[in-house]
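Novice: Residues per chain, in single letters:
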Amino acid sequence: MDSILQGLGQAFWLIITFDPDLYEIIAMSLRVSLSAVLVASAIGLPLGAWLAVNRFRWRRTTIAVLNALMGLPPVVVGLFVYLLLSRSGPFGVLGLLFTPSAMIIAQVIIITPLIASISHQAIRDLWAEYHDLLISMNATRGQRIRALLWDGRRALLTATLAGFGRAIGEVGAIMIVGGSIEHSTRVLTTAIALETSKGNLEFALGLGVVLIALAVAVNMTIHGLSGTERAPAW
Amino acid sequence: MSTLAGTLATGAAQGCEAGAGTRQPLLPLVLERAEARARGKLLIGPVDLTLGRSGFTIVMGPNGSGKTTLLRLMHGLQRLSAGTIRWNLPEPIARKRQAYVFQAPIMMRRSVLDSIAYPLLLRGTPRSEARARAADWAVRVGLGAALHRPAPVLSGGEKQKLALARALIGGPEILFLDEPCANLDGRATREIETILLDARAGGTRIVMATHDMGQARRLASEVLFLYGGRVHESGAAKGFFAAPETPEARAFMNGEIVE
Amino acid sequence: MKRSYSLLRAFAAFLSLVLALSAAPARAEVMRMAVTTSFENSGLADVLLPAIREDTGIEVQLVVVGTGQALRLGAAGDVDAVLVHARAAEEEFLAAGHGTHRREIMYNDFVLIGPQDDPAGIAGAESAAEALKRIAAAQALFVSRGDDSGTHKKELSLWSAAGIDPAGGWYRPIGAGMGAALNTASAMNAYVMSDRASWLNFGNKSDLALLFAGDPALFNQYAYIPVNPALHPHVRADLALRLEEWLVGARAKELINGYRVNGESLFVFNAVSK
Ligand SMILES: Nc1ncnc2c1ncn2[C@@H]1O[C@H](COP(=O)(O)OP(=O)(O)O)[C@@H](O)[C@H]1O
Ligand SMILES: [Mg+2]
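Protein chains in written order, with this note's numbering: chain A, 1 to 234; chain B, 1 to 259; chain C, 1 to 274.
Which stretches of chain A does chain B cover? Using the computed rule of at least three CB atoms under 8 Å from a CB of chain B, they are: (1) 128-139; (2) 142-153.
The following label-pair restraints were derived from C-beta to C-beta distances: (3) Gly9/A x Ala138/C: 37 to 43 Å; (4) Lys96/B x Gly71/A: 44 to 50 Å; (5) Phe56/A x Thr84/B: 26 to 32 Å; (6) Gly142/A x Leu147/B: 26 to 32 Å; (7) Trp150/A x Gly186/B: 33 to 39 Å; (8) Ala251/B x Trp150/A: 45 to 51 Å; (9) Asp125/A x Gly186/B: 31 to 37 Å; (10) Thr62/A x His101/C: 50 to 56 Å; (11) Phe56/A x Arg123/B: 25 to 31 Å; (12) Gly9/A x Arg260/C: 25 to 31 Å; (13) Leu49/B x Gly71/A: 51 to 57 Å; (14) Phe219/C x Gly9/A: 39 to 45 Å; (15) Gly71/A x Asp46/C: 35 to 41 Å; (16) Leu69/A x Gly186/B: 53 to 59 Å.
Non-contacting residues of chain C with respect to chain A, defined by C-beta distances greater than 10 Å in every case (computed): (17) Ala96; (18) Asp148; (19) Ala162; (20) Ile174; (21) Ala237; (22) Glu245; (23) Asn257.
Bear in mind the hints are in silico, worked out from the structure with no lab data behind them. Ideal Cβ placement from N, Cα and C applies to all residues, glycine included.
Start from the sequences, fold in the hints, and give me the full structure.
Specialist: Following this line, the structure appears as structure tokens:
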């Protein structure tokens, strides 16, 4: 109990003293996770909608694989991306290993299945509702997907935020491909892991509190900007 | 609503009359031995029928007799299992010149204005023009005060009016309606009937299922009586209402239970 | 056709957005060095890195991993140099041609940690081997890194020197880093072998105490190996050499020998200048 209180105290202290290292780490966490969410949403949302709207031979298999990929251990993704980006790997010449780009790539791989899967479920329900109308109006495939994405935007926002939650809290993969290099690729989660390994449990917990506060702040900001959770739910 | 009649006619006509000289008519529609099945079970058919260039066809029949299935079959929502359905135009073109109003109106999660404008946007009409015409239509069907309300929160009657405006805004040559007034009160029913008569006057062919006998008498120029998934009796409205030929139609008209 | 173009455009816009979001400001003299967790945990890096920057203008980015992974990173050319402590593995690394040469820099030592009341009585042992024998005889809980790290390898070599094949319920290999091993030992009130630096900096000691140290068998030599530019032309061999010069120089000697945690010195500088 004492440790937990001390952790909260540490978090509060870190925030109000504007510890520059802390803000650097927060900025890196946000930059990596928000970029990853942006990329993963641009892939995952249309993919989810496409899977909901189209009937094709490997559809069930694709969905099953997608759902399975959601459970992929981040460490495995990290290893996979490491092997790709390593100087001895196929994309080594790009020199991306141990950079924020590498962390973004790993996170995109981790959260795209999640975003695609949640959006697939949401869009599938909406499609069941809209199906006859859109067919009747002779909407093309692309127009259908666009209408579903737009009208399902609240559910999709939820998918996106779930992706963000997974990204900002992820540690295994970005530790491997980012290296947690101080002043370069260190983010909140890898800093927490580092402090824990040093036995600085209160400090690590303090960082954890900061991480949660950050996630809550991002969620509220996005809900605020989009007007969800305020307008009538329809 | 009383001023509606004068202004309504134009909207529906725009689509068909533009270039009427050069444009091939969509109708007649011919069904030959048409059948619809679901998992092998025969839903309707075989149906032989021809829809002429103009008129107001009322589809009647007991519950489960196949009214909805027939409308969906003609509109292309229900897969044809056997027989043929032939428009006067190739299928892809024909699909673009019709509209359908569902028994339970499907409301998109958008404002009334955007919902009505949507069919125009689908065909590439610029957004501002689509919105202007949608606002116009909203006023015509009596939704002028609800332009910016979310469509899903409208009342049942308002939803039907929205669905009607959305169906008519593209100027369809033929409009299918499936019991559009089933859940409405007398006043809303009359308002919708006025809109339909105006659309017809503007040149839109109408095919509508209903089991409101009074409505059928007010609107029909032609009647299809379905029974057991087949067209049991059909003909001009006058003759049908004066003296139905089959005992089932007669019983149905008299309000008896027809099994 | 038109649609596929707009799709392409969208994708291109997207890529450039990602690049814009992830592009880091270019820095001139940056090199990466893989180091072991125990080195990072000692806190010495916080003293050395600013001094290196000041004297040489080089920004050294530390990738903190286990010895095995550090050498893998070096072999793959993902870092420019490694600073590790596992003699046999280092020799192998050099034999395979992954590094240009090996330069000894400094050493620290390992210590045996355990419950304050010392149920196995290792505090009075003559040697490290003797201490381990007592732990095995008492079947006292012992936490092992079990992660094939330099520290783990050292621990195994000590067990075999003691003539013991550690196994049984009392021996708990956890497959994790030094910090995790110390946290586990702290929670189970078990014996554990740690490098002195990690132990001194460790913040969650609870009932644990340093019970045995000082046997030369416990000394832990750190060596610096630049990655071979003949195999990996992109490595900053020039910076790696300049860093080496600094590491074996007078300023490094002063900082390494003078580094203290809780008043105890941790490292002994033993580089020989050429
Ligand atoms: N998808 C379907 N699967 C099985 N039976 C169906 C399906 N759609 C309609 N039916 C059946 O077909 C018959 C005609 O239905 P419908 O056209 O809805 O009748 P109506 O609109 O005249 O009440 C009914 O017996 C109905 O249960
Ligand atoms: Mg019906």
